[in-house]
Structure formats: structure tokens, C-alpha cells
Amino acid sequence: MTVAVPIIEFEDVHKDFVVHRKAGRLRRERTVVRAVDGLSFAVERGAIVGYIGPNGAGKSTTVKLLTGILVPSAGRVSVAGLIPAKQRITLARRIGAMFGQRVQLWWDLPLIDSFDLLRHIYRIPEERYRQNLTEFRELLELDPFLRTPVRQLSLGQRIRGEVVAAMLHDPEVVFLDEPTIGLDVVAKQRVREFLTAANRERGVTVMLTTHDLADIERLCSRILILDRGRLVYDGGLEALKARYGGERTLVVDLEESGPALRVTDARVTRVDGPRQWIAFDRERTNAARLAAEVASQAALRDLTVEEPDIEDVVRRIYAERQVGRT
Amino acid sequence: MIAALRADLEIARRGYARYAAYPVATLAGLFTNTLFGFMRGFVLLALFEQRSEIGGYDAAATLTYTWLTQALIATVFIWGWLDLAIRIRSGDIVTDLVRPIHPLRAALANDLGRSAYHAVFRGVPVLLVGALMFDLIAPAGPLEWFAFFVSAALAVVVSFAFRFLYNIPAFWLLDFRGIAVLAMILSSLFSGFVIPIAFFPDWLAAIAHATPFPAMVQIPIDIFVGAVRGPQIAVALAVQAAWAAGLLLLCRVCFALGVRRLVVQGG
Ligand SMILES: Nc1ncnc2c1ncn2[C@@H]1O[C@H](COP(=O)(O)OP(=O)(O)OP(=O)(O)O)[C@@H](O)[C@H]1O
Ligand SMILES: [Mg+2]
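Taken in sequence, the protein lines are chains V and G. Mapped onto this note's numbering, the consecutive letters of the first sequence carry residue numbers 83 to 408. Mapped onto this note's numbering, the consecutive letters of the second sequence carry residue numbers 0 to 266.
Treat the hints with care, since some could be wrong.
Unchecked claim - Here are a few chain G residues that face chain V, going by a calculated C-beta distance under 8 Å: (1) 1; (2) 5; (3) 17; (4) 93; (5) 251.
What the hints contain is simulated information worked out from the structure, not anything from laboratory work. Just so we're clear, the structure is a prediction, and the values are computed from it rather than from any experiment. The C-beta atom is built at its ideal place from N, Cα and C for all residues, glycine as well.
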């Protein structure tokens, strides 16, 4: 058996920022902001990892540490066997990076010129470049604005261009800081499909930060949740739901409208005519038992079980932390 | 090596294209440069009503000097360039750092492309207008013409390196514009852009010659009008090359310090 060597490694990494603030007329106050606080994790080749957390949690800082734009104050960072801050330019050829908040494409040039320039900067073989471009253009529907100067693109069009720009040189791993920012529903879906395809067909390891939990739900095999520079969750989506959002919902359609049903180990959260929503913890009961109980009280026409909503789960985690903060 | 040069060339091509995208700006600049060519020409000619020669420059040489400086304004880019400082301040510089090419090298290639565009569309036309309206001096022979082109190219590199250098304090300072303005004043004065350095009192000329600024404007013009000739031309070109190399090296060192601050402190 071979032991997979992680492509991304974080070992007890800290990052402090020193901030000087004016305090009075001449005095300046020095405060230390700990953006990343003892973070450890490893990512295997071929994974798609979602990185979430509230504003200021340290997500962008992590991506900067991974790309060598920031050096850690303490701890060890390794990407593809290299130390990013020390071997930034060597690493640059092997990774893709995209910062949704920044413009990486050349502002005055048509999109296609930016791509062509990247071909030369990354020395992408002609043949490979053509193949990639043809495929990416189609997947992300770039054709209508391929010849438009970047400054004239809408945010969503530009972001799609930036995502392609990060992938043209066949990177082993891509770091995407908010790759779906400002995209409409259709474009978001396209970017997700694009990333899934790149991951499945090319084996690209993807690490992305987002505030859109649907990204996580559709894309990621693994989630890291960060809060105030610390990892508060690392694992799969199902396990996350089971752990934090144990509540599922049984939705029942009755033959007739009536008052809220009485159920053991569960509670009716909503009544809308003949339809009722019953929330239950799967540790304490299960859908079959509940359904039987409901059927004994009223004529049952139909029923469905809803999984916990990831939004709810994450909201709960963030809120829990908020309480811990005070 | 070849691939790296190819990348430089492509960047330069795009630097050219970027300016070619704004033809109205080119036209407006061309108009202004020409207008000032006439104004400055007449003002300087008045100096020659009393005397026939100042520091090796006669009336024809002075007129030629005037029109050449006007042609070089855009080509050498004497005035403000804050692209780098703005990228540093906005934080967009981080995206340049994740590319497998040194930002200094990329910026130089880009600036050479830009200067090629400006030479063709803002330099040559201005000089042509001057030559049609006045009796200008031309370089003595093909060798002098060639030396002039080499010198002008070196002037662009020196000017670029100087501009890059005065953008670097933006890594530390919020008010990077103050330094840039000071740098621009110094360079337009000591480069011999406003009046030829030959017109300066000796002590001021000595100061000027101890700076890289004459290498941006005065040297190529001296070669063009024949104020520098023969083997002196080789010396002049060597001086320019030395300044270009020295300033680029300084840029590299200072930029690395700036990046170090950025990666440690987060900008
Ligand atoms: N250059 C810097 N100087 C000082 N403090 C910084 C710097 N960069 C980030 N910080 C601080 O570090 C913390 C983490 O910031 P970071 O940008 O990593 O958060 P984030 O998780 O990406 O947030 P968001 O969801 O808002 O993008 C914040 O408190 C932020 O204010
Ligand atoms: Mg962020």
C-alpha cells in the first residue's frame, strides 16, 4: 500500500498582523491581530475542499499563506512539496490562484489576449493551450465576450475569465478565493461544473473559499470551517449535518387540515393547511416511527423527509461561536 | 531562455496594444506636444538674438533640441507613472507575485512596448512637424543615426528604472504621491528636458551629470545634434548603459525589500 503524500500541509501555522492605530495626537497604538491561530490540516491530491467561515475568519490569509504571498509567523506550510514563501516563483508554475476580489487579468486587453499572454508567461505548449482553451471556453460560455476588453466585462463575466486564467497552465492544485462572487445562478452552476470536471478529468486538487454554501454542497468532498483563525470543523458534509444539524424534517400531507399533530420525541414546526412539518433528531427517533404515529392520528396521503439545510447548520455553528466569544 | 524572451516580447506587444487602444488620447497628446514645440522654440530662439552660441548649442541646434525633447516626452515618459504604486496600495500587486515572472521584468517589457508605440505615434510625428516648419539639424551620418536610436532606447530603460524606483516607497508609505512629484520635478529639471544642461551654470551642470537624469533626455539629444561626437559617443552610450544596469539592480533590491515587508506584514 502506498501512503498518499498530502499536496497541501499546514502544521500549527500562525499568522499575526501588527496594526498601528492612531491613539491621540502623537501616540500610536500597536495591536496584534492573530488572523491564523495554530492551524493544522492536510489535503490529499485530488480532493475538492471547501473553506468557509464568517468574515474575518482568516480564509483569505490562509490562501495567501498557501501561495507564498504571506510568510507564516510560526509553523510550517507546504504545497506540492515546496515551501510557498521561499519558493514562490517555482511554485507559481505548478499552482493556480484566483482572488475574486482582485483583478488578475490585464485591464485594457481583450480577454483572449490575457489568456494568450498567460500562455507565454507560463510557457504552455501550444497544443495543450488550444485544447484547454477550447474546452474551457465552452464550459464557461466565454465566447460572447472573448474579445471584449476586461475593463468592459461585467463582474460575473470577469470572474469566469479569472477562473479560466487560473487553470490554463494545468496546475496541480488551484486556490480559489471566492470564485463564485457576483455570479448569477446559471454562471455559478457553470463554474461549479467546470471545477468538478477539472477535478474529475484532470485530477486537479481544488481548495476554494466561499460564502455560498450551495458551492460547498454541490462541489466539496470535504469542508473546513474556520473561525477566528481556528479550525472548528474538518470533515465531510454528511458528518457535519449529523453532528451540528441533527434535525431532519418529516413533511406530511394529510387528507384533511387539522391542528398540529402530537408526536413523541419530535415537534411540529409549521402547519399549512393539510401539510405539516415535523422536526426530529435522528438520535432520538426515526422517520418510520414518526410516520406510524402520524398515521394513527390522521389519514396520511404523502410524506417526504428533508435533510438538514447546510445554511442552518453553518448558521448554528457561527452563532455558537459568537456566544463563546463574549 | 528563448521561451523567456518570447514571453518578454509578447508582454511588450501587449504594452504596445494597450496604448494603441486609446487613439484619441494619442491625438490629444500629439497636439499638445506640437503646440509646445512651437512655443518653446520661439522662446529659446529669442536667446540667440544677442549671442550666436551657448555651451556648444547654436540657434539651429537649440531648435532641434526643443523639438526632440517634445518628441521624447511620451516616448521616454518623463512625467508621472504611478501604475506600480497604485497596484501596491490597492493590494493587486499580490496577483503579480503568483506569476512565474519577476514583476520588474514584466514591467520593463511592458514599458518597452509602450515606448515603441509612443515613439511611432507621439515621437516621429512631432519631429516631422518640427522639421517641416524649421531648419533642424540631422545626425551627421548613418552611424550617428544608429547611435541615436540605441541611446534613445537606453534612455527609455533608464527612465523606466527611475520611475519603477520612485513607485516602490508605496510599500511603506500611504502618501507615495509626494515622493513621486519630487522625483518628477528632479527628473524634468536635471534630465535637460526644460533647458539643455549646456545652458546650466557649471556647478549645476556638474550636479546634473552626477545623476542618472541626463541619460534620459540630454545624451540622446547630444548625439543627435552632434554636441557629442566620435569616440565620445561610445562613452556616452556606456554611461547610459551603466545607469540603466545600476538602476535596474537597485529596483530589484528595493522591490525585494518591499515584497519582504508585504509578505511579513501583509501590506
Ligand atoms: N494586511 C493585513 N493587515 C492587518 N490585518 C489584516 C491584514 N489582512 C487581514 N487582516 C486581518 O486578519 C483577519 C483575517 O482576514 P481574512 O482576510 O483572512 O479574512 P476572511 O476569512 O478572508 O474574511 P472575508 O470572508 O471577509 O473575506 C481579519 O481580522 C483581518 O482584519
Ligand atoms: Mg476573504
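Practice task
May I ask which of the numbered hints given earlier this structure violates, with the numbers listed in increasing order?
Solution key: 1, 5
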